[in-house]
Amino acid sequence: MTAAARPGATPRAATGAARHRGHDALRHRVAALVSRSSDGEVATEEILNAGGSLTAVGVTSLTFLRLIDALEEDFGIVLDLDGPVLMLDDFDDLVRHLAEQGAGRGDG
Numbered sequence: 079m080t081a082a083a084r085p086g087a088t089p090r091a092a093t094g095a096a097r098h099r100g101h102d103a104l105r106h107r108v109a110a111l112v113s114r115s116s117d118g119e120v121a122t123e124e125i126l127n128a129g130g131s132l133t134a135v136g137v138t139s140l141t142f143l144r145l146i147d148a149l150e151e152d153f154g155i156v157l158d159l160d161g162p163v164l165m166l167d168d169f170d171d172l173v174r175h176l177a178e179q180g181a182g183r184g185d186g
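Heads up: the sequence shown is residues 79 to 186, going by my numbering.
Mixed in with the good hints, there may be bad ones.
[What the hints assert, rightly or not] Cβ pair distances, simulated, as ranges:
| hint | residue 1 | residue 2 | range |
| --- | --- | --- | --- |
| 1 | Asp147 | Gly180 | 17 to 27 Å |
| 2 | Glu123 | Asp160 | 15 to 25 Å |
| 3 | Ala110 | Ser139 | 19 to 29 Å |
| 4 | His106 | Glu150 | 26 to 36 Å |
| 5 | Asp160 | Asn127 | 16 to 26 Å |
Please keep in mind that the hints were generated in silico from the structure rather than gathered at the bench.
Since we're looking at a predicted model, the values are computed, not measured.
Backbone N, C-alpha and C fix where the C-beta goes; we use that ideal spot for every residue, glycine too.
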């Protein structure tokens, strides 16, 4: 019996699509937090379109401090700043790191 044929089973394609939607939602949420942390100096769409270095799109050291606070508060996680923090500058690495920490799971 295939997964699609089992009652209550979710086909792999549907599960993958849901995971992709969740990742996109997390990317948008983090981009909005970056924009808010920069007092709107860096637009959400600019961050999403760049997808790389946050410094390159204009994120400052003050914005990074505000962003760390916002991420920890909004997602209820603690970012370990004693270890390598290079993931903070690369938007996609940051989103991936947050997803690995459980950010965005089950909170729409």
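These are the hints, each one checked on the structure:
{"no.": "1", "hint": "Asp147 / Gly180: 17 to 27 Å", "in the structure": "18 Å, holds"}
{"no.": "2", "hint": "Glu123 / Asp160: 15 to 25 Å", "in the structure": "33 Å, violated"}
{"no.": "3", "hint": "Ala110 / Ser139: 19 to 29 Å", "in the structure": "20 Å, holds"}
{"no.": "4", "hint": "His106 / Glu150: 26 to 36 Å", "in the structure": "19 Å, violated"}
{"no.": "5", "hint": "Asp160 / Asn127: 16 to 26 Å", "in the structure": "32 Å, violated"}
Checked against the numbered hints given earlier, this structure breaks hints 2, 4 and 5; the rest are met.
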